[in-house]
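Participant: Now for the letters of each chain:
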Amino acid sequence: MRDVRRDFPILSRTVHGKPLVYLDNAATSQKPTAVIDALDRYYRETNANVHRGLHTLSEAATAAYEDARRKVARFVHAARPEEIVFVRNTTEGLNLVAHGWARKFLKAGDVVLLTEMEHHSNIVPWHILRDQIGITLRFLRVNDDGTLDLSDLDAALEGVKLVSFMHASNVLGTINPVRQIADAAHAVGAKVLVDGAQGVLQMPVDVGALGCDWYAFSGHKLCAPTGIGALWGRYELLEAMDPFLGGGDMIESVRLEGSTWAEPPARFEAGTPAISEAIGLGAAVDYLCSIGMAEIQAEDATLTAYALEKLPQVPGLRLLGSAPQRGPVFAFTLAGIHPHDLSALLDEDGIAIRAGHHCAQPLGRRFGVPASARASLAFYNVPEEIDALVTALMGAREMFANVRS
Amino acid sequence: MRDVRRDFPILSRTVHGKPLVYLDNAATSQKPTAVIDALDRYYRETNANVHRGLHTLSEAATAAYEDARRKVARFVHAARPEEIVFVRNTTEGLNLVAHGWARKFLKAGDVVLLTEMEHHSNIVPWHILRDQIGITLRFLRVNDDGTLDLSDLDAALEGVKLVSFMHASNVLGTINPVRQIADAAHAVGAKVLVDGAQGVLQMPVDVGALGCDWYAFSGHKLCAPTGIGALWGRYELLEAMDPFLGGGDMIESVRLEGSTWAEPPARFEAGTPAISEAIGLGAAVDYLCSIGMAEIQAEDATLTAYALEKLPQVPGLRLLGSAPQRGPVFAFTLAGIHPHDLSALLDEDGIAIRAGHHCAQPLGRRFGVPASARASLAFYNVPEEIDALVTALMGAREMFANVRS
Amino acid sequence: MSVRDMYREVILAHAQDPLHSGKLPDATDCVHRENTSCGDAIDLCAIVKDGVLVDLRYESAGCAISTASASMMTDALIGMTKADAAAMLASFRAFLIEHSELDPKLEELDALEGVRQFPARIKCALLAWQALEEILKKT
Amino acid sequence: MSVRDMYREVILAHAQDPLHSGKLPDATDCVHRENTSCGDAIDLCAIVKDGVLVDLRYESAGCAISTASASMMTDALIGMTKADAAAMLASFRAFLIEHSELDPKLEELDALEGVRQFPARIKCALLAWQALEEILKKT
Ligand SMILES: Cc1ncc(COP(=O)(O)O)c(C=O)c1O
Ligand SMILES: Cc1ncc(COP(=O)(O)O)c(C=O)c1O
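Here the protein sequences line up with chains A, B, C and D, keeping their order.
Our numbering runs 313 ahead of the 1-based position in the first sequence.
Our numbering runs 313 ahead of the 1-based position in the second sequence.
Our numbering runs 189 ahead of the 1-based position in the third sequence.
Our numbering runs 189 ahead of the 1-based position in the fourth sequence.
Bound conformation, chain A alone:
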């Protein structure tokens, strides 16, 4: 892969006088100049509201916005651009399916199957829906190695109308066998929603090949701006869904007595959308395609192998998850040092890692670790940064050990 680091301005900054070592990519990715410039250019040259203007700026903004939709559609291999609904983030995408589809088509007692490794964004919407309409939630267990327990998938699927699970774990690194689960789910007539927040920057995504019905992801984790994400859905399903937010642009006509809805994706994009952000997402997928998602995947594999060799050399370090199919996300604990202290100490060395429950409290309970440290890499990280991490972990250990007894 060509040298991509200089594409990311922030990577040349320092923190506490040390070069920034950004290992918090699972929380959010950094942005290449191409994306930053796309925003800048938009506001300096074409900013206008979309869809309803017949003047040059509005037409240009609309064209750019819809062009971004086409780019995102191509990026995930959607059948058509209209299968892409722009949302704020993965969370909104998942909630949109809960509101627009599940609330309409599920009834009391229907089972929604989730997994124990889900991010809160794929648990809480279902709690809310359960409390409102009485669906039943069931959870696939997680094995000790961080893979999903699929040993009795058929039993787990009994009575299930919807399976919703993550493509890749933001804690364990595990990449789940989407196709296998989707096929089994479809065999019992269930629909399949995939949380692609972590999957989408780690590998080429082909929603058709994955065999799911919806796929949600966040732009900010994909080198794009904050405030934008996408929900891909099979068009027939989007068509069957109720609107979620009401307002401008999502209607066909409004009378005082009632309203009729526009076709998807407009139906789900009420109000002035995140225009510059969608355009920024388009620029991000252009950028990623210019590198190649297969190359990115290969780079991730190299970094992962290196990290898996180095991290266990730190005494007292316990990695969570050892799935054979995994991305460059490493949650761990270090004996005697709380993850928050570790994160704060590493920051002194310019190293950004995350500490806490990573929005996956049930998974933390499953592994008996309410909080862990997490180093998560992206294709623009380099092995030297893993070395820096290991050195810093050693240093932290020493500092805390010196006090002990």
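These are computed hints drawn from the structure, not numbers from a lab.
Don't take every hint at face value.
[Stated by the list, open to error] Anything over 12 Å on all C-beta distances counts as not near chain B; from chain A, calculated:
| id | residue |
| --- | --- |
| 1 | R492 |
| 2 | R547 |
| 3 | P625 |
[Stated by the list, open to error] DMTMM-like mimics (lysine to aspartate or glutamate), calculated; alpha carbons at most 20 Å apart, straight line:
| id | chain 1 | residue 1 | chain 2 | residue 2 |
| --- | --- | --- | --- | --- |
| 4 | C | K312 | A | D700 |
| 5 | A | K623 | A | E565 |
| 6 | C | K312 | A | E358 |
| 7 | B | K384 | B | E395 |
| 8 | A | K384 | A | E570 |
| 9 | D | K294 | D | D273 |
| 10 | C | K238 | C | D218 |
| 11 | D | K312 | B | D380 |
| 12 | C | K312 | A | E372 |
| 13 | B | K331 | A | E358 |
| 14 | C | K212 | C | D264 |
| 15 | B | K623 | B | E697 |
| 16 | A | K420 | B | E570 |
| 17 | B | K331 | A | D599 |
| 18 | C | K212 | C | D232 |
| 19 | D | K312 | B | E358 |
| 20 | B | K420 | A | D444 |
| 21 | A | K417 | B | E429 |
| 22 | A | K331 | B | E372 |
| 23 | B | K474 | B | D555 |
| 24 | C | K327 | C | D218 |
| 25 | A | K331 | B | E358 |
| 26 | B | K331 | C | D194 |
| 27 | C | K312 | C | E223 |
| 28 | D | K271 | D | D292 |
| 29 | D | K326 | D | E223 |
| 30 | D | K271 | D | E302 |
| 31 | A | K331 | D | D194 |
| 32 | C | K271 | C | D215 |
| 33 | D | K312 | B | E372 |
| 34 | A | K420 | B | D444 |
| 35 | D | K312 | B | E565 |
| 36 | D | K312 | B | E379 |
| 37 | B | K474 | B | D496 |
| 38 | D | K238 | D | D218 |
| 39 | C | K312 | A | E570 |
| 40 | C | K326 | C | D244 |
All of these numbers come straight from a predicted model, not from anything done at the bench.
All residues carry an ideal CB built from backbone N, CA and C; glycine is no exception.
Using the hints provided, position chains B, C and D with the ligands relative to the given structure of chain A.
Facilitator: Here is chains B, C and D with the ligands on its own, set in the frame of chain A:
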């Protein structure tokens, strides 16, 4: 007022070889360099996810995000920063009250009072809610001059639990007497939601003085980026509200069995927020405060007076709305030329106006004009641009008249 | 090409005095069609007998392009068989979108050529035709 | 000041061997408190008799700062009246937030001074005290 035009890079561009005359501010405002640069700087220097990181970037991003909340709170004179919920736009803010408050506290037969001049974003959410829980909708009529018919407000308020209406009209220009309506509503125990989309750039907003319970607005109409807006709400009301979207950051704790909610505003900000956009909104209100909202209001008044003098000089031009209290928004029809054609023709002269129903179809029906042209100004417009508009309207008239018979 | 050139005289003339507009009391089929983005709307009614479009009338609210298109369309199609009308629809669509030659029977609609340069306006020119498409699908 | 300086020896020592941690079987009051943003949690229990905090114990999961704060807090407050404890709470809060002098009875907690430079960590130092506040409100 000091010369502000050079603060807005886009204002120096040309369209079809003519200087851009941007008169579509009610659709979206343009952005000053201060805002564009804030985004740029954020992505080059501090981009990170907020709230959950203990590293320098994340702390800086969190501080900037929460600082933006404080700025917005001060801008609308909220009692405390926690009364500001960041949302995508006005539309989401209004829907949030419909979902989080009305769905919880209203029951079948309860009356929600709207007005005939509302934007679709303040009609459709109530249609959706009505179809779900059976509330009754009632509409205040609009007088011929574009003011609200408040002659029988007490009767209109009978049985009303919520009044929701716009601060300023995006079609008629009318500025509604918020305080008067709010006081009458509170006298019968109703809550008051104000759509501030157009109000917030036209005058200083003091939510306490307005006497409302919620106030929703969009950043993109306030010189800020797309993808961000705010819902101000009295804290006790926000506290009583149910969450809307489920996910990270809005929870207190998550177990497989159920979740508990965080306090407002976090409760309503599920998932990774629009971080750079909120920071951009903070930069926008800083910018506006540096000019002074009172100065902006005075500038608007000057422009409004000038437009009201000039526009009626165009033969065949019919202005919609002639309220004494009004902002610089002018919807009109021109005899013999459909608004779309007008907008397209004016674009040739570099003039951006809007044509259509302006997301207010019921209002259009009230005035018998399914579509109208609209020129909407902001404080950075100048009288010469109104002259240019008038000249262009004359030209369009001539062109169409030449064919006639 | 400038927007001004899109507004050929013949278009403006049709827009100001549209042919075949009005109600059609004995209509066998009526459809309503709207462009949600701009609010243009048309009610197109037809008398269809033995597969022939014996008469077409419409009531519309829209820009010069959509009105002229409705006017010229009805003028060209009244009296045609549904099959022929369907062929005309296909020809007009291809003319606008793929820039192909227009069927000679639609001669006058050639005046809408300029619309092709303005993607936002293509849907204006198509509105009446989309209504026609629904009429053709019926019965 | 660097983060390293925040972790004074005494803090690390308390964090590694916290005083008064564990269950309190005869507790008259127990409260649970969590920092939602980081997941730190504490269960603080007290035996309150005649307005006196006869005993305090806690079970906690958290960083060195929050653990050391709980350890030093309980060590300082056991045996105090509720009124005195409330004064200590006020003093500690003011110390952290307004940088005022700490009450001499809280002497050891002075070691947390460095936390003031790290706004994100103040809530760690306050967690046990917020739990205490709820205990004080009870009965
Ligand atoms: C009065 C009014 N309310 C609501 C809205 C909706 O704002 P947004 O599209 O930003 O949600 C608008 C603008 O389109 C408006 O003018
Ligand atoms: C697996 C997973 N799902 C969902 C989310 C939520 O994404 P967002 O906060 O962008 O909505 C995240 C990231 O936080 C994640 O890692």
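Participant: A separate judgement is required for each hint: does it hold in the structure or not?
Facilitator: Quick rundown of the hints versus the structure:
1. A/R492, annotated as away from the interface, keeps every beta carbon of chain B farther than 12 Å; the closest lies near 26 Å.
2. Distance to chain B confirms A/R547 as a non-interface residue, since its nearest Cβ pair spans about 23 Å, more than 12 Å.
3. Residue-level check passed: A/P625 sits 23 Å from the nearest beta carbon of chain B, beyond 12 Å.
4. Pair hint C/K312 plus A/D700 does not hold up; C-alpha atoms about 59 Å apart against a cutoff of 20 Å.
5. The hinted pair formed by A/K623 and A/E565 fails the criterion: a straight-line CA distance of about 58 Å is larger than 20 Å.
6. Among the hinted pairs, C/K312 with A/E358 is inconsistent with the structure: their alpha-carbon atoms are about 26 Å apart, more than 20 Å.
7. For a cut-off of 20 Å, the pair hint linking B/K384 to B/E395 stands: about 12 Å separates their Cα positions.
8. With a C-alpha separation of about 38 Å, the suggested pairing of A/K384 with A/E570 is violated against the 20 Å cut-off.
9. As the CA atoms of D/K294 and D/D273 are separated by approximately 10 Å, the hinted pair is consistent with the 20 Å bound.
10. Proximity of C/K238 to C/D218 is assessed by CA-CA distance (about 11 Å); at most 20 Å being required, the pair is judged to hold.
11. Restraint check: the Cα-Cα separation between D/K312 and B/D380 comes to about 18 Å, which is no more than 20 Å; the hinted pair holds.
12. For the proposed pair C/K312 and A/E372, the alpha carbon gap of about 14 Å is at most 20 Å, so the pair holds.
13. In summary, the hint linking B/K331 to A/E358 is supported, as the alpha carbons are separated by about 14 Å, within the 20 Å threshold.
14. For a cut-off of 20 Å, the pair hint linking C/K212 to C/D264 stands: about 15 Å separates their Cα positions.
15. A distance of roughly 11 Å separates the Cα atoms of B/K623 and B/E697; the hinted pair therefore holds under the 20 Å criterion.
16. Taken as a hint, the A/K420 and B/E570 pair is honoured in the structure, with Cα atoms around 19 Å apart against an allowance of 20 Å.
17. With a CA separation close to 32 Å, the supplied pair B/K331 and A/D599 exceeds the 20 Å bound.
18. Under the criterion of a C-alpha separation no larger than 20 Å, the hint pairing C/K212 with C/D232 is consistent with the structure, at around 9 Å.
19. Taking the CA atoms of D/K312 and B/E358, the gap is near 26 Å; set against the 20 Å cutoff, the hint is violated.
20. The hinted pair formed by B/K420 and A/D444 meets the criterion: a straight-line CA distance of about 18 Å does not exceed 20 Å.
21. At roughly 30 Å between alpha-carbon atoms, A/K417 and B/E429 are farther apart than 20 Å, so this suggested pair is violated.
22. For a cut-off of 20 Å, the pair hint linking A/K331 to B/E372 stands: about 17 Å separates their Cα positions.
23. Restraint check for B/K474 and B/D555: satisfied, since their Cα atoms lie roughly 17 Å apart, inside the 20 Å limit.
24. At roughly 8 Å between alpha-carbon atoms, C/K327 and C/D218 fall within 20 Å of each other, so this suggested pair holds.
25. For the given pair, A/K331 sits about 14 Å from B/E358 by alpha-carbon distance, which is consistent with the 20 Å threshold.
26. Distance check on the hinted pair: B/K331 and C/D194 sit about 18 Å apart at the alpha-carbon level, within 20 Å; holds.
27. For the hint linking C/K312 to C/E223, the alpha-carbon distance of about 10 Å falls within 20 Å, and the restraint holds.
28. For the proposed pair D/K271 and D/D292, the alpha carbon gap of about 16 Å is at most 20 Å, so the pair holds.
29. Note on D/K326 and D/E223: the hinted pairing holds, with a Cα-Cα distance of about 18 Å set against a maximum of 20 Å.
30. Annotation: proposed proximity of D/K271 to D/E302 is violated, straight-line Cα distance about 25 Å (limit 20 Å).
31. For a cut-off of 20 Å, the pair hint linking A/K331 to D/D194 stands: about 18 Å separates their Cα positions.
32. At most 20 Å may separate the alpha-carbon atoms for a hinted pair to count; C/K271 and C/D215 meet this at roughly 18 Å.
33. At roughly 14 Å between alpha-carbon atoms, D/K312 and B/E372 fall within 20 Å of each other, so this suggested pair holds.
34. Our distance criterion of 20 Å between C-alpha atoms is met by A/K420 and B/D444, whose separation comes to about 18 Å.
35. Between the alpha carbons of D/K312 and B/E565 the distance comes to roughly 15 Å, so the proposed pair stays at or under 20 Å and holds.
36. Distance check on the hinted pair: D/K312 and B/E379 sit about 16 Å apart at the alpha-carbon level, within 20 Å; holds.
37. With a CA separation close to 13 Å, the supplied pair B/K474 and B/D496 stays within the 20 Å bound.
38. Between the alpha carbons of D/K238 and D/D218 the distance comes to roughly 11 Å, so the proposed pair stays at or under 20 Å and holds.
39. For the given pair, C/K312 sits about 28 Å from A/E570 by alpha-carbon distance, which is inconsistent with the 20 Å threshold.
40. A threshold of 20 Å between alpha carbons decides the hint, and for C/K326 with C/D244 the separation of about 17 Å falls inside it, so the pair holds.
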